[in-house]
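Novice: Spelled out from the first residue to the last, the chains are:
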Amino acid sequence: MLEIIRQVPVEYYVLYSAILFTIGVMGVLIRRNAIVVLMCIELMLNAVNLLLAAFSTYLSDSKGQLMVFFIMVVAAAEAAVGLGILIMIYRNTKSTDISLLDKLRN
Amino acid sequence: MNALLPLIPFLPLLGFAVNGLFGKKLPKSLVGIIGSGTLLGAFILSVLCFQQLGANSEPIQSDLYRFLSVGGLDINFGLMADRLSVWMMLIVTGVGFLIHVYSIGYMHDDEGFYKFFAYLNLFIFSMLLLVMGTNFLMLFFGWEGVGLCSYLLIGFWYENREYGAAARKAFIMNRIGDLGLLLGMFLIFYTFGSLDYATVFAKLEGADPAVVTTICLLLFVGAMGKSAQIPLYTWLPDAMAGPTPVSALIHAATMVTAGIYLVARCNGMFEMAPYAQAVVAVVGLATSIFTALIGLRQNDIKKVLAYSTVSQLGLMFLSLGMGAYVSAMFHVTTHAFFKALLFLAAGSVIHGMGGEQDIRNMGGLRKHMPITFWVFLIGTFAISGFPLLSGFFSKDEIFAATFAHGGAIWWGLAAASGLLTAVYMSRLLYVTFFGEFRGTAEQKHHLHESPLVMTVPLMVLAVLSVVGGLLNTPHFLHLGNDQWLAHWFSGNGVNGTPIIPLAEMHLEVSTEWMLMGIASALAVLVLIVTYFLYSKPQNLPVADSEQQGLSKVLANKFYVDELYNFLFVRPTEYLSKIFHYYVDIWGIDGIVERTGSGVQALGGYFRRLQNGNIEYYLIGMVAGAVLLFLSMYL
Amino acid sequence: MDFYIFLTLAVISVITALLMVFARNPVHSVLYLILTFFAIAGQYVMLNAQFLAVVHIIVYAGAIMVLFLFVLMLLNLNKDSEPQKSNLWKISGAITSGMLLVVMVGALRNQIQLPAAAEYQPDRGLPAVLGRMLFDSEFVVPFEITGILFLAAMVGAVLVGKREIKV
Chain A
1 MLEIIRQVPV
11 EYYVLYSAIL
21 FTIGVMGVLI
31 RRNAIVVLMC
41 IELMLNAVNL
51 LLAAFSTYLS
61 DSKGQLMVFF
71 IMVVAAAEAA
81 VGLGILIMIY
91 RNTKSTDISL
101 LDKLRN
Chain B
1001 MNALLPLIPF
1011 LPLLGFAVNG
1021 LFGKKLPKSL
1031 VGIIGSGTLL
1041 GAFILSVLCF
1051 QQLGANSEPI
1061 QSDLYRFLSV
1071 GGLDINFGLM
1081 ADRLSVWMML
1091 IVTGVGFLIH
1101 VYSIGYMHDD
1111 EGFYKFFAYL
1121 NLFIFSMLLL
1131 VMGTNFLMLF
1141 FGWEGVGLCS
1151 YLLIGFWYEN
1161 REYGAAARKA
1171 FIMNRIGDLG
1181 LLLGMFLIFY
1191 TFGSLDYATV
1201 FAKLEGADPA
1211 VVTTICLLLF
1221 VGAMGKSAQI
1231 PLYTWLPDAM
1241 AGPTPVSALI
1251 HAATMVTAGI
1261 YLVARCNGMF
1271 EMAPYAQAVV
1281 AVVGLATSIF
1291 TALIGLRQND
1301 IKKVLAYSTV
1311 SQLGLMFLSL
1321 GMGAYVSAMF
1331 HVTTHAFFKA
1341 LLFLAAGSVI
1351 HGMGGEQDIR
1361 NMGGLRKHMP
1371 ITFWVFLIGT
1381 FAISGFPLLS
1391 GFFSKDEIFA
1401 ATFAHGGAIW
1411 WGLAAASGLL
1421 TAVYMSRLLY
1431 VTFFGEFRGT
1441 AEQKHHLHES
1451 PLVMTVPLMV
1461 LAVLSVVGGL
1471 LNTPHFLHLG
1481 NDQWLAHWFS
1491 GNGVNGTPII
1501 PLAEMHLEVS
1511 TEWMLMGIAS
1521 ALAVLVLIVT
1531 YFLYSKPQNL
1541 PVADSEQQGL
1551 SKVLANKFYV
1561 DELYNFLFVR
1571 PTEYLSKIFH
1581 YYVDIWGIDG
1591 IVERTGSGVQ
1601 ALGGYFRRLQ
1611 NGNIEYYLIG
1621 MVAGAVLLFL
1631 SMYL
Chain C
2001 MDFYIFLTLA
2011 VISVITALLM
2021 VFARNPVHSV
2031 LYLILTFFAI
2041 AGQYVMLNAQ
2051 FLAVVHIIVY
2061 AGAIMVLFLF
2071 VLMLLNLNKD
2081 SEPQKSNLWK
2091 ISGAITSGML
2101 LVVMVGALRN
2111 QIQLPAAAEY
2121 QPDRGLPAVL
2131 GRMLFDSEFV
2141 VPFEITGILF
2151 LAAMVGAVLV
2161 GKREIKV
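Order-wise, the sequence lines are chains A, B and C. Residue numbering for the first sequence follows this note's numbering, beginning at 1 and increasing consecutively. Residue numbering for the second sequence follows this note's numbering, beginning at 1001 and increasing consecutively. Residue numbering for the third sequence follows this note's numbering, beginning at 2001 and increasing consecutively.
Hints listed in this document are in silico derivations from the structure and should not be mistaken for laboratory results. Here a beta-carbon is modelled for each residue, glycine too, at the ideal position from N, C-alpha and C.
Below 16 Å or equal to it, Euclidean Cα-Cα: the simulated EDC-like pairs (lysine to aspartate or glutamate) are:
1) A:Lys63 <-> C:Asp2136
2) B:Lys1024 <-> B:Asp1110
3) B:Lys1169 <-> B:Glu1573
4) B:Lys1028 <-> B:Asp1110
5) B:Lys1303 <-> B:Asp1561
6) A:Lys63 <-> C:Asp2123
7) B:Lys1025 <-> B:Asp1110
8) A:Lys63 <-> C:Glu2138
9) B:Lys1444 <-> B:Asp1358
Below, a sample of chain A positions facing chain B; criterion: calculated Cβ distance under 10 Å:
10) Val25
11) Leu29
12) Arg32
13) Val37
14) Ile98
15) Leu101
This is chain A alone, in the form it adopts within the complex:
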């Protein structure tokens, strides 16, 4: 039996990834730079990944880790497209400030 399973209750992992996730959410809410917002999203995804990996180990089931791989794939694709869009926006507005992105209003 893995040492860590005996020493660290699974609730700690829940708390830990919840904190990381919330930091990501907070970043999304209070930052205006679109790139930082995207990074925060990555952080949120990682929080989820961590919890999945923890559960996978605690349950001795590798499906959780497979899920993590899929999430990584999605995250990579999202980063690629998101950054592409960001560059496009920057090219048009000379800014990456999301507060200025209210063109849909009119």
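On the provided structure of chain A, position chains B and C as indicated by the hints.
Specialist: What follows is chains B and C alone, placed relative to chain A:
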């Protein structure tokens, strides 16, 4: 003949179509020829039918097509001519033809000439459907059709608001009656499972008398509306807003007798329902006397005739209520003759006076319009019951039947009504045609006898008014054709039994002589007395403002219109105002508008959320996630 | 012993994550985030998911974060003068996310029930086991589809990044 039967109603329909569609471009003479010619054709065909039925009383029938087939309801668009129908057909097409010819002259200067003829032809078509239908639905069809044409023709000069109002009044009042007829038809179908005369009358034997009484009363409500009986009579005097030939054709000779026809057609039912008969008789008699009294103090030449018509219709219903169906049909016939004559003569007067209708502005027209005067005289004498003229015979029969069936009091009241008839008609005659001319000089200058196209129909009708009584002479006179009409109507109907069975009158010959003698003596007496009365200028009708006492009440038609206004119109208007303000504007509109404005206001608040700024959306999203967690897990 | 390693890594990752959020310079943010990722990779190792840890380092720290850094440099955003949100926004954002934390922990805390007698197998994180699982089970179709997703993302990124297309 069976193949030609549909032509009778459809010829006028053709005239309607041609005049209605192309009349505007056709010359007036052609429009008149088409309008009258189709009717003449229908009249000739009706005469042929009449001849065939004279030889063999089996009804001529022609089912054109299946009109309606729903569940147990199976209705053919069927036409028939039994002896009752053919009689009505002859009146409608014959009198109608004369009135059409007359209209060519009367309406000659009117812009809506072609329209007038189109409507008249449509009316004839509807009326023919009404009398020729083989079932109640066809009758209803025609019934509504004539109502529509009546509305169109009363409001013919629709530029005048009052005339339009009169048209609507007629239409609405008729609608009340029509509802009764419709309910009656429903009940007939519910009880007998069919609307065909043949089936219904054949099944009458086993029917529940209470149900039959209800049916009869409902049918009578329909008749009340169409034939202007108390309490639905007030539309008819107002209907005089229409052109005079219309008043003559629709509101005197034909349409208003549809109610009589309906009751006569259903005489088998009414025979089973003595209570309904009593109601018919009471309503008829009351209407007759009531409107005759009103007629005494009217000063519009057409209004007098209108009240006279209502009064005569009341007499006919009295006759129907007394079980004397033939007498009623007989009076329908003679009334069609002399009332059409009187109306057309009045029209001739109005034509000559340049549109003046108030008899107080007439007088002495005898010298200026001799033909009109003489035919009007004949008409007045005929309706008053002057011996040996048509009205004498038909009214005498009604009185005799009333005496035989109801007793002396009924007879006395009926005779009083007849007496009043003589009074107001002779008043009309003397005030209009005798004495000195009271109109303006311009009118006097304009005064002229009407053209031949108008006077010839008048003369024909005058002859008919004189000899029409010979159709059904009492047996005790031994004129060789006694009770001819009664025998005619006793021919077989669609279900193989007599249409109107021969009725025996249980009166002594001496009694009949006495009744006839009293009635005719009274009529003659009245005609003489009133002549002297109205030859004095101080007895002439006075201006409305000088009316006093009972006379004023009469001149104001017993204030029935005002009463109806107070009882029905005002409460309805009040109610509709309440509904308008509180239910419609405040309630329904309020709901709709407040829903709209509420959504709009709400949208005003929510649109602030939709400010296009991602930050707001993000914070909203997170807050939403919080709430979601809260609701799901806590 | 393991517990303290866990705690240390956790504290490092949380602090660097906070620094990432609050750093004024986006480049610093990227660097802090990379640190966070390393700490998380350490957690993976602790959880006996070594292959995952390696992949994590390669994909996140090696690829995605480099991409971010590259974009930052490309757009020349590495300065401190980035516009900040008002304090009201910051406070409300912090409150909202704090609420989310409370609610989330409260919601998840009692939802996890590990089977008491879970037979532990130490090989679950090995590449061989994962590979067999990935290619020899119901995950094979989703796996192929991720390939299509990548292709689409690549095409999309290229298309979006292109300059005006002359039609």
